[in-house]
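Using the sequences and the accompanying hints, generate a full structural model.
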Amino acid sequence: MVKAATLPRNETGIETALGILKQRFGDRLQTGKSIREQHGHTTTWIENQPPDAVVFPQNTAEVSEIIKACAAHKVPVIPFGVGTSLEGHVNAPAGGISVDMGQMDQILAVHAEDLDCVVQPGVTREQLNTHLRDQGLFFPIDPGANASIGGMTATRASGTNAVRYGTMKDNVIALEVVMPNGEIIRTAQRAKKSSAGYDLTRLMVGSEGTLGLITEITLRLHGIPEAMSSACCSFPSVDAACQAVIATIQYGIPVARMELLDTASVKAVNAYAKLTLTESPLLMLEFHGTKAGAAEQADAFGELAEDFGGTGFEWTSNAEERNRLWKARHEYYWATLQSRPGASGIATDVCVPISRLADCVARANEMLEELGLVGLIVGHVGDGNFHTTLLVDMDDADELARAEEYVGRLNDVAIAMDGTCTGEHGIGQGKRPYLTKELGGATRYMAAIKTAFDPDNIMNPGKILSDEA
Amino acid sequence: MLSPNSESELAEMIAATSGDLVIRGGGTRGVSLPGAELNLSGLSGVEFYEPGSLTIVAAAGTPLAEIESVLAAENQRLAFEPMDHRGLLGTTGEPTIGGVVAANVSGPRRIQAGACRDFLLGVRFVDGAGAAIKNGGRVMKNVTGYDLVKLLAGSWGTLGALSQVSLKVLPRSETQITLKIRGVDVQTAVAAMSAALGSPFEVSGAAFCPGEDDTVMIRVEGFEPSVAYRASRLSDLLMHFGEISQTHDAEKSAAIWTAIRDVNDFHSTPGDVWRLSVKPSDAPEVSQRLQADGLLFDWAGGLIWACVAEGTDLRARIGSFGGHATLVRASAETKQRLGMFEPQPSSLEAISAGLRAQFDPRGIFNQGLMQAPALGAF
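In the order they appear, the protein sequences are chains A and B. Here my numbering is used: position 55 in the first sequence is 55, and no number is missing along the way. Here my numbering is used: position 326 in the second sequence is 1326, and no number is missing along the way.
Calculated from the structure, these hints are not laboratory results.
Pairs of lysine to aspartate or glutamate, EDC-like flavour, derived with a Cα cap of 16 Å: (1) B:Lys1168 / B:Glu1047; (2) B:Lys1168 / A:Asp418; (3) B:Lys1180 / B:Asp1213; (4) B:Lys1134 / A:Asp418; (5) B:Lys1279 / A:Glu113; (6) B:Lys1279 / A:Asp116.
In structure tokens:
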């Protein structure tokens, strides 16, 4: 368990605000220990710092009331979606009120003709896609968990579809936000943004709840592709697989998903799911398009793969067969946990220019040996992002220290390659030390923006920026 | 005129200045403001280009034409299809990549590929105190704090002087076909464009040119067999809207979209030109309220170009419409009187002013631009 920094608590303010909110919200404000701990951070990597209370608003006006009460008494406000973030984003290092958006879970409008929709933050991505399916539309951002749209917006989430559809930054059109003083603003209209003021929408996307609380989201939607095809292919080395990826992208094959499993990962999946994949790096791809296009793309990739030593190339557009081909990816998480029973997973999240990906993965593997750690590597290789999942015995202090060392060293390697310490998980509490290392002077601007928006630092304090800032 | 040749010179000049500065790239996009010109064309050259990583990094003053030709040699392009304003505004000079980013200039392909800001991976800029700042870089995605990169895109030089930009590029498409539907009214045109965009056939342009021909134009791009297939399926899908023809010659098709991108129809017509961003489904109703002498609809109706009599206050004429109206071509006097950009609600104006004060505490960059008149220079 990694200790998280604590911040000074404003006991009087918290007590006063709690009294006001209890009176106002009754049973919709909870202070039981277990519910508070559920709303603090739940991963085993960073210790749990529960809030003082959890409140469940049902509309924007209520959110505004909550924030006004907290602002008046300088009490921290921690926005909460479904709690699937990985870097301590929902911990309460100074105590305060967790605002659970779960009861604001309505899909307010779907404008099929404008390819957009308006949702409340508690809507989950699976709920949204189920709702959209019979209109021939879908929302493509798919982080591993069934996250809430509000949380995904606040953390600028991405997923396996990012190669083709981008991340949350590319798919949020407008936001309604309650500002740190309780004021309700709209960052933009449904019309496309062009030169009427700064892009406040994208300033809010990825701000991790530190600038305001998102209460409504307008999202860009996409038509469900006519056809999908899936392919997989083994390569003699990670480098060969990366070269094939680069050639595919450069050739202009519009890949939707492109995932890489390293040899250790393939072994783990074989053992867990009783598969017989060649135990060498495996590339899995998915193509979206027309029936003819998805087939052509898979074929074209097959030819390119061969040039780079690819073997065992298979592709299909049949839905059941597609699931079989991608089984290794779908079972990956469970296979990881089973490969060292009793251990906990710690995921790194570096992202580098794709030309450096093979080098970076090679270094990541060497460092596992150097530090005597067990880890598996899976990558969203189309955008240069990969995760080492370290399997760590949390009761072994020395091993935990080596895991921390690994994360730090890998972040430094990526930053030295013009990369970033986090491609999709975010800064939260866990990665704050690396932000300054990576960005230098730009963090001063972030601190200045934070101060301008939230002078009393009540919105999700202790996240993104260092406490000294 | 200040003409730095490096980022460090740029920083020194800004730190040493005491008066207002007007940041200028190629000077082709119609900004005229009071103050000393800070000309960035000396910061020029492609600094890094790796076709395999789909990334180009260039000094902000690099001519757009140079970037485009470097990319074309590797069969790549800027997918957001930036407009050339010279024909419409009668300006001369060389558009620069920094100007494209500062004005977030995007063309017809925005509906499919995204806007300029969506391709901006990183920036270097000098703030109002003369400090050089870097944000973002060469990676395709990051979640390292607030997205300053996107804030700088479309900020028209009011937050900082860009010194370098890093952009994601994409392969050029092998070929393209334009479908035309003739003789339709604006309601039918918007319905047809919406049906095309909502289809799985990957439309990369949807425009409507009212007038003699009343023609809807739909573009598909990609590899030859796929383009032919999609054009044919789209023709089936759209045939009930009107008579459909196809332009198969890729060069002729490309010329159609360059003309739409640069609003060629208004190059030689007199009058002011406005650009309205609306929800596509609102386009028919809003366009009627404009009482314009000329109209062109891009982005499936989401962008309306309107030509009106000189000096017209179009915002006052149409009232609230759920979008924003930008004054693109008019006399300096009209631009000053009406403001180029749609005024924002006061809450957003206050936030914007707060941001601007952080980036440019002395208030020296492009005064009067993107500012409520009460706060501005006039």
